[in-house]
Amino acid sequence: MKSFLFYAVLTFLLCTMLRAQVSVQGNAQVVISPFQYNGPEDDFAPALAQDGKLLLFTQENDKTQRIMLCERDGQGWASPTNLGSEVNDAIQAGSASVTSDGQFIVFAAYKHSLVGFGRTDLYSARKVNGKWTDVRNLGAQVNSEAFDSQPALSPDGSTLYFVSDRSGGAGGTDIYVCHRRGKDWTKAELVGSGVNTSSDELTPSLAADNSTLYFASNRSGGQGGFDIYTTRYKAGTYSTPTNIGAPINSSADEYNYCAVPNSTKAYFASNRSGGQGGIDIYMADPNPEMPDAVLTMHGIVSDANSGKPLGADLVVTDLKTRQKVAILHSDDQSGEYYVTLNAGHSYSITATRPDYVFYSERVDVPVAEKGRTVNNDIKLTPLANDAETRLLIFFDTDKAELSDESMPELDRAVEFLQANPDIRVRIEGHTDDVGEDNYNLQLSQRRADAVKTYITQQGIEQKRVLTVGYGKTRPKVKGTTEEARSQNRRVEMKILK
Amino acid sequence: MFLRFQLLFLTCALVCVPFLRAQEEDVLRPHGRPLTDAQRSAFSWTNHPEKVPIALGIYGGININSFSQNVEYALQPRVDQPLETVLTTGSGTSLLLGALLDYTVSPTVAVQLRLEYDAKNFSNSQRGAIDAVDQNSFAFTAPVTAQYTWKVNALNIEPTVRVNLDEHLFLSLGIPIALQMGDWSRTDVMTFDTTGVFWTTTYGDKTYLLSDSLTSMSRVVNQGNQITPAAANADVGKANTLRIGVVPGVGYLVPINRSMALALELRYQYMLTALHSDFVAYDYVRLPTNITPTEVDFSKAMLNSLQLTVGLWFKL
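Top line first, the protein sequences correspond to chains X and S.
Under my numbering, think of the first position of the first sequence as 1135, with each following residue one higher.
Under my numbering, think of the first position of the second sequence as 7, with each following residue one higher.
Hints should not be assumed to be uniformly reliable.
Stated by the list, open to error - What follows is a set of in silico ranges between Cβ atoms, one per label pair, in the way DEER data are often shown:
| hint | chain 1 | residue 1 | chain 2 | residue 2 | range |
| --- | --- | --- | --- | --- | --- |
| 1 | S | Leu312 | X | Asp1268 | 46 to 54 Å |
| 2 | X | Gly1411 | S | Leu318 | 31 to 39 Å |
| 3 | X | Gly1252 | S | Tyr274 | 38 to 46 Å |
Claimed, not checked - The following residues of chain X were derived to be distant from chain S, with all beta-carbon distances above 12 Å:
| hint | residue |
| --- | --- |
| 4 | Asp1176 |
| 5 | Lys1197 |
| 6 | Gln1199 |
| 7 | Gly1208 |
| 8 | Ser1229 |
| 9 | Phe1241 |
| 10 | Ala1242 |
| 11 | Tyr1244 |
| 12 | Phe1281 |
| 13 | Arg1353 |
| 14 | Gly1412 |
| 15 | Arg1524 |
| 16 | Asn1572 |
| 17 | Arg1580 |
| 18 | Leu1600 |
| 19 | Gln1621 |
If you're looking for bench data, these hints aren't it; they were derived computationally from the structure.
Heads up, the beta-carbon is just placed ideally off N, CA and C, and yes, glycines get one too.
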């Protein structure tokens, strides 16, 4: 009995020691390395875009804050460049947050040349033909007479977190959230309890999974000064924030935690000793609080005829909810686009541009997405006679009833016809090679007619929409594989000018 | 006078406006830059993180006073060394006590309101001459030493702008509004070289017998009274009881601890308003010999001071 007790106690002690060792090792494995372009004054607010190829940050020189941009090339980060006079036209400008496509930013400015609402305000800007322009104050729904700063956009740009010390908060500076509706923003609301405290909350950052929110706070119980905390937003509530711990947090101040999508790396800012001066940017690897993996799709939008890169709007629609979850933009000069998609959803991604026929792609992201990057170039056909595009219309087998998932694409077809009142279209139905020829002809005709019925019910004149059923006579791809048959079961829209 | 105030206002505006634009918040810090470790342990006036950026101060020091006025004779003076010219200049030192309230507007600029007890004291002496009559009733010119001591106290209300050059050194520019406290007083003393003789003079409406025990005579002149030797009427030479000026200065703050500092200041109080209004008097110095008096014009009685003070400033 004594021997049993002895071994039991020994086993318990060994297990306890082993557990402690793993914990220590786990923390010790996080390597902190400084950003190569830290200057003698403050460097903070790192923000990544374009799958980690673009880095915006705020750099202070002679006590003046400016937004800087770094692009990653084969050799690493290229030298930072000023984001431009139109954006940085303020006493202080910085804390920029950027959408995943790198085409839209929200930033903070103290006394910008544009009229604001009082103290530091939030502004937006777009990248047009390689230049950051179209600077706008986000307006009274977002800004107040108080300090409004440190924006954090969701990757798709549809949600905006920011910090304000306006009255009515939990105390000090608090985190607020609002949502984009077209070109406007909803009224800013205080983020739910648990996140904000009577202490100061600063520098929110939303990870690519649209759920993991990092922020800094000087609440009690931290390691000193401002520490990084993380919370997850799911089912309408925020989990209890947790301190991200050492070695990222220290007795100094830590701000601006920014997780690199589908990567073990994260950037943050700190005024810890040993830096270049003031606040410096550091990289942590591995990130101890990694967000959920996402699927990143990128490619080049180009003219189908000339191959010329095109700037185009990319509308991301959740096929289940039929909601447009993001409107992004491909680069006007390179045509590059970047879209971040969350696990467990089915999306359509539609590229639109005036004088071109829209193009849609369906993307299904599995629940068990491990994180990957998919390359998918998009070719837009100029709006001319016989130009055609495949519509993302889905039917059950042997059925001609439109499924719910087809509605976003049908609505886009309606919008397209409304935007181009001088054209007519022909809806062409196609089937795969399975089944009788006549049956397939009739089925494809019924399906084309169903599309026409929906379109005309939305106010489009009947004479502008023709239909034809081709059955299996015009396959897109030759072959009898399931993949080939899948591509051949389709509805196309042909332009008749 | 109006033009001078305009120039003063313009100068203040030009000096202050660029500093008032200095930022205090930035995109990261809603309340401005935090203190460094060194600043946390020291008294800082360029970084004022307190939610109420107000300080109080007390100070004291000396005025090194400088008085001047024009004394001009309409005709040739009746003696070679007229007594009145002793009033042309004056100098002296006196006490200055004050308290201030300092409000930090930005890391560079603060505004202050000062309240001062400003005692002025200055004097001068000079050799002169006066008519006398000896025991044989002969008039003669008697040499005397004329001396005056002038005292005037004021309560100064002084809005001031303070501009930090660095953590310790600052410039200041104040507008003193001096409210005179009571009457000023001037004591005139004439000391005769000759003793043991009898002589008379109307000076002060008295006749003096100079002897070994009486070699001088004196009087106290308050505002509104006649000036040496006699004013044209009793109303001339009234004090300006409200005076305005300008006080540029330089200061140095020596931190004692986190909330207290020693303030050393050197300032120059230049008053734009004269000490008293201009007036005309008559020189009756030859009255005993029945020589007609001559007109003397007194004007531009300016009193300025170099101020050296030591103070203690406390952050609230």
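Verification of the supplied hints:
Checking the proposed 46 to 54 Å range against S/Leu312 and X/Asp1268 shows it is violated: the Cβ atoms sit about 60 Å from each other. At roughly 35 Å, the beta-carbon separation of X/Gly1411 and S/Leu318 lies within the given 31 to 39 Å, and the hint holds. Checked against the hint of 38 to 46 Å, the pair X/Gly1252 and S/Tyr274 passes, with Cβ atoms roughly 40 Å apart. Distance to chain S contradicts X/Asp1176 as a non-interface residue, since its nearest Cβ pair spans about 7 Å, not more than 12 Å.
With a least beta-carbon separation of about 8 Å from chain S, X/Lys1197 fails to lie farther than 12 Å from that chain, contradicting its non-interface assignment. For X/Gln1199, the non-interface assignment is contradicted: its Cβ lies about 6 Å from the closest Cβ of chain S, within the 12 Å cut-off. With a least CB separation of 32 Å from chain S, X/Gly1208 remains clear of the 12 Å interface cut-off, as annotated. With a closest Cβ-Cβ approach of about 4 Å to chain S, X/Ser1229 is found to fall inside the 12 Å limit, against its non-interface label.
Under the 12 Å C-beta cut-off, the non-interface status given to X/Phe1241 relative to chain S is violated; the minimum distance is some 8 Å. Interface exclusion of X/Ala1242 from chain S breaks down, the closest Cβ pair being 4 Å apart, not more than 12 Å. Consistency note on X/Tyr1244: stated as away from chain S, yet its beta-carbon is not over 12 Å from all of that chain's, at 6 Å minimum. Chain S draws X/Phe1281 into its interface by the beta-carbon criterion, the shortest separation being 4 Å against a cut-off of 12 Å.
Its beta-carbon lying about 17 Å from the closest one in chain S, X/Arg1353 satisfies the requirement of being farther than 12 Å from that chain. With a closest Cβ-Cβ approach of about 9 Å to chain S, X/Gly1412 is found to fall inside the 12 Å limit, against its non-interface label. The non-interface label for X/Arg1524 is consistent with chain S: the shortest C-beta to C-beta separation is roughly 46 Å, beyond 12 Å. No Cβ of chain S approaches the Cβ of X/Asn1572 within 12 Å, the least distance being about 69 Å, so the stated non-interface status holds.
Consistency note on X/Arg1580: stated as away from chain S, and its beta-carbon is indeed over 12 Å from all of that chain's, at 60 Å minimum. Even its closest Cβ contact with chain S, about 57 Å, leaves X/Leu1600 beyond 12 Å, as expected for a residue assigned away from the interface. X/Gln1621, annotated as away from the interface, keeps every beta carbon of chain S farther than 12 Å; the closest lies near 51 Å.
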